[in-house]
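J.: If you read the protein sequences in the order shown, they are chains A and B.
In the numbering used here, each number is its position in the first sequence, counted from 1, plus 43.
In the numbering used here, each number is its position in the second sequence, counted from 1, plus 4.
Treat the hints with caution; some may be incorrect.
Keeping only pairs whose Cα atoms sit at most 27 Å apart, straight-line, the calculated DSSO-like set for lysine-lysine is [to be verified]:
#1 A/K94 / A/K361
#2 B/K269 / A/K462
#3 A/K199 / A/K274
#4 A/K178 / B/K269
#5 A/K149 / B/K115
#6 A/K149 / A/K288
#7 A/K361 / B/K110
#8 B/K110 / A/K149
#9 B/K270 / A/K462
#10 B/K270 / A/K182
#11 A/K290 / A/K161
#12 B/K115 / A/K361
#13 A/K122 / A/K361
#14 A/K363 / A/K102
#15 B/K270 / A/K178
#16 A/K178 / A/K199
#17 A/K131 / B/K270
#18 A/K131 / B/K71
#19 A/K182 / A/K204
#20 B/K269 / B/K71
#21 A/K165 / A/K199
#22 A/K165 / A/K131
#23 A/K332 / A/K165
#24 A/K288 / A/K203
#25 A/K379 / A/K408
#26 A/K263 / A/K182
#27 A/K182 / A/K199
#28 A/K77 / A/K161
#29 A/K408 / A/K102
#30 A/K178 / A/K408
#31 A/K122 / B/K270
#32 A/K122 / B/K269
#33 A/K131 / A/K370
#34 A/K149 / B/K71
#35 A/K263 / B/K110
#36 B/K71 / A/K462
#37 A/K408 / A/K203
#38 B/K270 / A/K263
Hints were generated in silico from the structure; no laboratory data involved.
All values derive from a computational prediction rather than experimental measurement.
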Amino acid sequence: MSLSRRTFLIGAGSVLALAGCGSSNDKASSGGGKVELVYRLWDEQQEVGYKAVFAEFTKQNPDITVRMEVLPWDQYWTKLTTELASGKAPDVFWLTVDYFPDFAGKGVLAPLDDLISKAGLKLDAYNPNVVQSYKFEDKQLGMPKDMGIVGLLYNKDLFKKAGVTMPAELTWAPDGSGSFLEIARKLTVGTKQWGFCSWNHNQTQWLNWIASNGGHAMDKPYGTFDFAGQKSVEALQFARDLIFKWKVSPDGTRTNPPTGQATEMFYRGEVAMFPANNALLPFALPEVKFPIGVAAMPAGPAGRTVVINGLAETMFAKTKHPEEAGKLVAFLGTEKAQRLMGDAGYIIPALTDAGAGYQTFWQKKGIDVQPFLDSAAGSTVNLPIADGWTSKSTEINKAANDLFLDKTPVQDIAAAMDKIGNDR
Amino acid sequence: MLRPAPRRTHRIGRGRQTAAAYALLAPSLVGVLGFLLAPVVIVLVLSLFDWKLLSTPEFIGLANYRKLFTDSDVWHSLLVTLYYVIICVPGTTILSLLLALLVDRKLRGMKYFRALLVIPWMATPVALGLVWSWIFDPGRGALNQFLGLFGVDGPAWLSSPVLAMPSVAAVHIWQFAGYNMLFFLAGLQNIPPSLREASSLDGASPVAHFFSITLPLLRPTMLFVLITNVIGSFQAFDTIFVMTEGGPGDSTEVTTYLIYDEAFKKFDFGYASTISVLLFAVVLIATISQFVYFERRTTYEVSG
Numbered sequence: 044m045s046l047s048r049r050t051f052l053i054g055a056g057s058v059l060a061l062a063g064c065g066s067s068n069d070k071a072s073s074g075g076g077k078v079e080l081v082y083r084l085w086d087e088q089q090e091v092g093y094k095a096v097f098a099e100f101t102k103q104n105p106d107i108t109v110r111m112e113v114l115p116w117d118q119y120w121t122k123l124t125t126e127l128a129s130g131k132a133p134d135v136f137w138l139t140v141d142y143f144p145d146f147a148g149k150g151v152l153a154p155l156d157d158l159i160s161k162a163g164l165k166l167d168a169y170n171p172n173v174v175q176s177y178k179f180e181d182k183q184l185g186m187p188k189d190m191g192i193v194g195l196l197y198n199k200d201l202f203k204k205a206g207v208t209m210p211a212e213l214t215w216a217p218d219g220s221g222s223f224l225e226i227a228r229k230l231t232v233g234t235k236q237w238g239f240c241s242w243n244h245n246q247t248q249w250l251n252w253i254a255s256n257g258g259h260a261m262d263k264p265y266g267t268f269d270f271a272g273q274k275s276v277e278a279l280q281f282a283r284d285l286i287f288k289w290k291v292s293p294d295g296t297r298t299n300p301p302t303g304q305a306t307e308m309f310y311r312g313e314v315a316m317f318p319a320n321n322a323l324l325p326f327a328l329p330e331v332k333f334p335i336g337v338a339a340m341p342a343g344p345a346g347r348t349v350v351i352n353g354l355a356e357t358m359f360a361k362t363k364h365p366e367e368a369g370k371l372v373a374f375l376g377t378e379k380a381q382r383l384m385g386d387a388g389y390i391i392p393a394l395t396d397a398g399a400g401y402q403t404f405w406q407k408k409g410i411d412v413q414p415f416l417d418s419a420a421g422s423t424v425n426l427p428i429a430d431g432w433t434s435k436s437t438e439i440n441k442a443a444n445d446l447f448l449d450k451t452p453v454q455d456i457a458a459a460m461d462k463i464g465n466d467r
Numbered sequence: 005m006l007r008p009a010p011r012r013t014h015r016i017g018r019g020r021q022t023a024a025a026y027a028l029l030a031p032s033l034v035g036v037l038g039f040l041l042a043p044v045v046i047v048l049v050l051s052l053f054d055w056k057l058l059s060t061p062e063f064i065g066l067a068n069y070r071k072l073f074t075d076s077d078v079w080h081s082l083l084v085t086l087y088y089v090i091i092c093v094p095g096t097t098i099l100s101l102l103l104a105l106l107v108d109r110k111l112r113g114m115k116y117f118r119a120l121l122v123i124p125w126m127a128t129p130v131a132l133g134l135v136w137s138w139i140f141d142p143g144r145g146a147l148n149q150f151l152g153l154f155g156v157d158g159p160a161w162l163s164s165p166v167l168a169m170p171s172v173a174a175v176h177i178w179q180f181a182g183y184n185m186l187f188f189l190a191g192l193q194n195i196p197p198s199l200r201e202a203s204s205l206d207g208a209s210p211v212a213h214f215f216s217i218t219l220p221l222l223r224p225t226m227l228f229v230l231i232t233n234v235i236g237s238f239q240a241f242d243t244i245f246v247m248t249e250g251g252p253g254d255s256t257e258v259t260t261y262l263i264y265d266e267a268f269k270k271f272d273f274g275y276a277s278t279i280s281v282l283l284f285a286v287v288l289i290a291t292i293s294q295f296v297y298f299e300r301r302t303t304y305e306v307s308g
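Input sequences plus hints: build the corresponding full structure.
T.: Rendered as structure tokens:
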């Protein structure tokens, strides 16, 4: 026993030692009037784009350099939250709508209103939904960075093979009428090729069905959830019907997170139409062997409304370099910086008029991304948020897995989701 | 071993002797206190707090424990853990014993073969998990490619609620069988060859010899292997974390994963600590009952 216990101790010791070495901005030096800021992100595609952005920033501010830290998605949040709690965090970092509620009330995000007005930026020049997403108690805590817009990616080869052309406008309705389902059926071949993939992803899937059916996941930010409302239930039922009634989509045993492989199925050419956030494009392109087309999400009985999930640049409230970090955040909001990222095809800038370069970039790659831009300009809906949201959204998403299995009635699942969301 | 020094202790003062002993113990004492006992105490204290990491910790007494007893996720995770333990412990034990019997012979190259079997235990669990999730990949994974050679359409191993747990457990068994084999091998080599000769003279078949002589004499080893395996399986986390993240659904959501989920996804450190205390109690009970069971039945030495 003594041997194994010692082995365990050594193991435990090294884990703790590693955890102890975790904080990152000790290294942020400030020697000789020069300041190095730490900038944290999770997207290694965009890291490349930001190099140009920061080079431009340092050109304008020769005394400030920016060091990027890229962390994988899961680690990003664990590490960031731990660091924020311990008072040592990156100076500037990315934030999503999902995580905003848990950070906003805790005094870890610096209010940006003063530096925004000082830099001569106008918040009404950015997408209003993204601006609104990062407002807390009338303070702007996030600089709008981009708009993550949901659109429909499709496999042009499969369309050609089935002799189908993508119509200018797709429509759906809970009863199964509309052009979307008709096309999905034509593209489904046995159980090896699916016209669509209806899977448990709130942002790109069921929240869109709810919105375009005229329902609301939630009445207002920090409000009351209404998954069990009639319009929402119809929409959630449609998500299930695509699998079990209309049979145009693989079921939850193959697609449910965390083990599911929905995105990979699209990459492999097993799924013809796949809703995605436009930020997926740079990742999808090198993975696929077929030309990708982009269409707008199907319009429902209440027209087309798609989920928008814009990111924000946020500043650590206790940064050692508030002035320099403030300059950086302000710069990231400028047309110059937003265009640099948009023109290189990484993102659709949150700055409303800066999206032309994004379109040009993807045009050169043979992909017409105009439907994403049109959808962004049309009716959009924010992701729901509530107090304690990271915990609740995990639970709600878990409960929603059952929508994609044919066991529990949709009404009961929706009620369970409401209960989690509205629980105080 | 060196011979013990001649007794001259009366010359050295008691106090100095004790101080010397503590000085020698200090390095491991720091380890035990700092990395083993302190975390246990901290977790016990934290379990009485509402602490969401970014919020200020707030003392709430036993509220977390009340939540624990009505939380179906927790009890489900205990069942899942039990399922995992029930597959892994017999699987690892039997396989490692068979391997030990197999390699307990003097053949050329045998020591390399033994080393080969221990390698999975030495590799990083996260890397193992990653490699195995590639092997299990339904589309391009090695396993289904192999099955495809025989015209078998392999299932989605890790995304099927039925197959995920056995698949993950199989990796655990594979990972630890070679390591546990070492203990059985040592145990086997401690059994005097004369016993084998005696039993064969009495006409015992190899099978009878194994069950009536070898196995009973391996009891101390068996106790060690079973206890460390039960504890190890209850605490399994890394390969599950990499391969299934507790899914599909909650079919591989073992208690350690639930603790991780509460602490590092939901940042509810108070409640995560409460679940840890529960797991601690369960492992403690399991270990004590194994000790009690074996204490009555174990022969530690072959009497001369």
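J.: Is A/K149 close enough to B/K115, meaning Cα to Cα at most 27 Å?
T.: violated (59 Å)
J.: Take the C-alpha atoms of A/K361 and B/K110, compute the straight-line distance between them, and say whether it is at most 27 Å.
T.: Roughly 67 Å separates the two Cα atoms, so the pair is violated.
J.: Does the alpha-carbon distance linking B/K269 and B/K71 stay inside the 27 Å limit?
T.: Given pair B/K269, B/K71 holds - Cα atoms ~18 Å apart, limit 27 Å.
J.: Compare the distance between the alpha carbons of B/K71 and A/K462 with 27 Å, and conclude whether the hinted pair is satisfied.
T.: Holds. B/K71 to A/K462 sits at ~16 Å (cutoff 27 Å).
J.: Given the hint that A/K182 pairs with A/K204, does the C-alpha gap stay at or below 27 Å?
T.: violated (53 Å)
J.: Taking only the CA atoms, is the gap from A/K122 to A/K361 under or equal to 27 Å?
T.: Holds: A/K122 and A/K361 sit about 16 Å apart, inside 27 Å.
J.: Next pair to validate is A/K131 with B/K270; report whether the Cα-Cα distance is within 27 Å.
T.: Distance ~20 Å between A/K131 and B/K270 Cα, so the pair holds.
J.: Checking one constraint from the list: CA of A/K288 to CA of A/K203, max 27 Å. Satisfied?
T.: Satisfied, since the Cα-Cα distance of roughly 26 Å is no more than 27 Å.
J.: Below or equal to 27 Å on CA atoms is what counts here, so check A/K408 against A/K203.
T.: At roughly 19 Å apart (the allowed maximum being 27 Å), A/K203 and A/K408 satisfy the hint.
J.: Take the C-alpha atoms of A/K290 and A/K161, compute the straight-line distance between them, and say whether it is at most 27 Å.
T.: Violated. A/K290 to A/K161 sits at ~56 Å, over the 27 Å cutoff.
J.: Do the alpha carbons of A/K165 and A/K131 lie within 27 Å of each other, as the hint requires?
T.: violated (31 Å)
J.: Take the C-alpha atoms of A/K263 and B/K110, compute the straight-line distance between them, and say whether it is at most 27 Å.
T.: violated (75 Å)
Consistency with the previously given hints fails for numbers 3, 5, 6, 7, 8, 11, 12, 16, 18, 19, 21, 22, 23, 27, 29, 30 and 35, ordered from lowest to highest.
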